[in-house]
Structures are given as structure tokens and as C-alpha cells.
Amino acid sequence: MDEGKINGVVFLDICKAFDSVNHEILLEKLKTQFGIHDIELKWFQSYLRNRKQVCSVNDQTSSARTIICGLPQGSILGPLLFLLYINDMPDILERTTPCLYADDTQISSSSHDYDTLIDNLNMDLSSIQFNCHDYLIISGGSSKKFCGTTTPAPFVPGLNVVTLKMVTDRSIERSGFDLSFTTVQTTGLPPAVSVCPTRSIIPSAIGRVHSPGFAGKYSANLNCKLTLNVPSSKVVEISYNHVDIE
1 MDEGKINGVV FLDICKAFDS VNHEILLEKL KTQFGIHDIE LKWFQSYLRN
51 RKQVCSVNDQ TSSARTIICG LPQGSILGPL LFLLYINDMP DILERTTPCL
101 YADDTQISSS SHDYDTLIDN LNMDLSSIQF NCHDYLIISG GSSKKFCGTT
151 TPAPFVPGLN VVTLKMVTDR SIERSGFDLS FTTVQTTGLP PAVSVCPTRS
201 IIPSAIGRVH SPGFAGKYSA NLNCKLTLNV PSSKVVEISY NHVDIE
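Residue numbers (the UniProt record's numbering): 1 to 246.
No wet-lab data here; the hints were simulated from the structure. Being a predicted model, the structure only gives us computed values, none of them experimental. Take every hint as true, because none was put in to throw you off.
Now the in silico label distances, taken between C-beta atoms and shown as ranges:
#1 Lys144 to Glu28: 24 to 32 Å
#2 Thr151 to Ile206: 15 to 23 Å
#3 His37 to Phe11: 34 to 42 Å
#4 Ser56 to Lys16: 17 to 25 Å
#5 Ile68 to Ile92: 18 to 26 Å
#6 His37 to Asn229: 39 to 47 Å
#7 Asp91 to Asp13: 15 to 23 Å
#8 Ala220 to Trp43: 20 to 28 Å
#9 Glu94 to Arg51: 34 to 42 Å
For every residue, glycine included, the Cβ atom is placed at its ideal position computed from N, Cα and C.
Throw the hints in and build the complete structure from the sequences for me.
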């Protein structure tokens, strides 16, 4: 504020946060991020897996069902394991500063421009939304994230340099995406091309991009990036042939 910037904060309270913890993702993080192996890892596997629960209403009790996610309520380990589960959340935030306390999270940003501030908050809010799932993010002058199975409308990021980034976790694997791109002329003409020397030229660019292994299933734990760079007099337009991302 001393610099004359506008400050914005988004307060997040994750619904059923402790109940939503994926056991397999948590165990993988304990192993790969925190160095827990062998007997210690097996102890956590035993602690999390094969727990059962019943539902009792008006003296009627259901049969026992195995719990496939979540942390034991009221336990000492519960809050600690949840913090380890979301420990890498700040890594996906590019435009905001996080403040984490158990399942309460705040992200904040500042800017001289109101629209830029809103864009910063919305972009990282979207990153948090898709943090535990697979997604494709396309960024240029503007950015969008995609997942699910609905085919989006054509997208023009607005620049001649466009980056496509695909990130996956280790849960469900689907067929991924297949998209086409072409270039759209912006205002003004490109530099003139001399008739000499004799050669052939490509006046516009078209192409296709798909997820690894398409149309089979993509792999787990991906974090890959592709950059499209077309002449500065043009921008990239992207249309989607197929989208099937967790």
C-alpha cells in the first residue's frame, strides 16, 4: 500500500478438507518429497488403509464400508498429514503469495492496475482448483486451463508465442487431448519478401498437438511444456478436436 498499489486477498476454506485426502497421493508424497521409506512408510500405509466406517440413524446401523480417502478425525497425526499433503501448493502459485494454516489458506497479490490484480488472483485460484487433478494450461497474452471431457470453444491467446503445459498426478489416466492450431493475421502486413533468391516459403503455419500417447492413455506424473512461436505479425488460434482430461 505504501507503493500506491491495490491489494487483494482471497480466503479459502477447503470443504471437507481432511475427508478429501487421497491416501495414495499422500503416501507417494511421503515417499518422494519427505524421504519416508521401508518400515516407516509401511507404518503409514497401515495407519491409513483398511479403516472402516458405519452410519447409524435412529438405532439403525449400516454395514461397514472401507474408507478409501480421508484422515482420522480428532487424531494428532491428522493435521500434520494434511499439512504435508498440501505442502507443495505454493509451488503452483505464480502470481500470488500464499499463507497456509491447516485447512485455511489465503492468497494475496498487489498491482497498480485493478484488472491485473483480478487476473492474478483468478489465475492462481484456478491453479489451486485443479491442483489435485490433471490439466492443460495454454498461455499467451491471456491464459486458460482445461480439464474434463467438454470440448472448449476455439481460443486465441493473443500473442505469437504460446505455451502449452500439461500436468498430471498419479491417479486416473485418460486419453488426453488433441488440438489443432493455425495463425491469424493481426493488424498490418508482414515484412515484404524479396523475389530473389529463388525458393519456396510458407506464408502461414498450421499444425496439431496432442497429449503423450494419444489416443491411448497419457502417463502419470507429467509436467511437460511445448512453446509455439509464429511470426510476430500473427497470433495463434487453437481449436480442440478432443479433450478427455481428469
